[in-house]
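A.B. asks: Kindly generate the complete structure, drawing on both the sequences and the hints.
Note that the UniProt record's numbering has the sequence shown beginning at 1, numbered continuously upward.
Check the hints yourself; a few may be wrong.
Listed below are the simulated BS3-like cross-link pairs for lysine-lysine, each with C-alpha atoms no more than 30 Å apart in a straight line [to be verified]:
(1) 125 / 76
(2) 76 / 122
(3) 76 / 117
Label pairs and their in silico Cβ distance ranges [as the list claims (entries may be wrong)]:
(4) 33 / 70: 26 to 32 Å
(5) 50 / 97: 39 to 45 Å
(6) 116 / 65: 21 to 27 Å
(7) 20 / 96: 18 to 24 Å
(8) 96 / 130: 33 to 39 Å
(9) 98 / 129: 31 to 37 Å
(10) 70 / 117: 16 to 22 Å
(11) 129 / 51: 22 to 28 Å
(12) 74 / 116: 21 to 27 Å
(13) 30 / 133: 15 to 21 Å
(14) 62 / 120: 16 to 22 Å
(15) 95 / 33: 40 to 46 Å
(16) 9 / 74: 23 to 29 Å
The set of hints was computed from the structure by calculation and includes no laboratory data.
We treat Cβ as the ideally placed atom computed from N, Cα and C, and that holds for glycine.
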Amino acid sequence: MTQRGSLAMAHILVVDDDELLRVVLSRALTEAGHTISAAASGRTALESLETDAYDLVICDVFMPEMDGFETLRAVKERVPDLPVVAISAERRSRPGVPSPDFLEMAVALGATAGLRKPLDLKALKALVARCLAADETSAPDTSRDPSEAG
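C.D. replies: Below you can see the structure in the form of structure tokens.
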């Protein structure tokens, strides 16, 4: 992440098969000062991970071809410490049949957090900031001058 004043600028990968949602998220997060890359599928996201470094991934759970769970597993295999936010619309099941909480499942599989659609952009920006701050505090401190070592 690059620092600009007190605001940490992050490179975020948005993964969703819904083009309109990718555009909305990209604009909102760009306005918040981040650099955004977008992928329409899990496969495209994994290709992007091979060529670019990211500070955070935002990934839809339900996508064709390679769903968010598969994408999450593959991202964590490649970059274990990369924070991932899972997003999903609430799936309603038949009356009387409990519906699994897919966001809880994503967190159990390694996602940092989950956020339900329709997304509240203010809540999304706050969650992104928390994930990035948590990632910064868990990273090794590289700000010391090596010449200060005794």
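A.B. asks: A separate judgement is required for each hint: does it hold in the structure or not?
C.D. replies: How the hints compare with the structure:
1. 125 / 76: Holds, because 22 Å separates the two Cα atoms, which is no more than 30 Å.
2. 76 / 122: Roughly 27 Å separates the two Cα atoms, so the pair holds.
3. 76 / 117: Distance of about 23 Å is within 30 Å: holds.
4. 33 / 70: 26 to 32 Å: Hint holds: Cβ distance 31 Å, inside 26 to 32 Å.
5. 50 / 97: 39 to 45 Å: 40 Å, holds
6. 116 / 65: 21 to 27 Å: 23 Å, holds
7. 20 / 96: 18 to 24 Å: Taking Cβ atoms as reference, residue 20 and residue 96 lie about 33 Å apart, which means the hint is violated.
8. 96 / 130: 33 to 39 Å: For residue 130 against residue 96, whose Cβ atoms are near 36 Å apart, the range 33 to 39 Å holds.
9. 98 / 129: 31 to 37 Å: The hinted range 31 to 37 Å holds for residue 98 and residue 129, with Cβ atoms some 33 Å apart.
10. 70 / 117: 16 to 22 Å: 19 Å, holds
11. 129 / 51: 22 to 28 Å: 26 Å, holds
12. 74 / 116: 21 to 27 Å: At roughly 23 Å between Cβ atoms, residue 116 and residue 74 fall inside 21 to 27 Å, so the hint holds.
13. 30 / 133: 15 to 21 Å: Between residue 30 and residue 133, where Cβ atoms are some 19 Å apart, the hint holds.
14. 62 / 120: 16 to 22 Å: Roughly 19 Å apart at Cβ, these two residues keep to the hinted range, so it holds.
15. 95 / 33: 40 to 46 Å: 45 Å, holds
16. 9 / 74: 23 to 29 Å: 26 Å, holds
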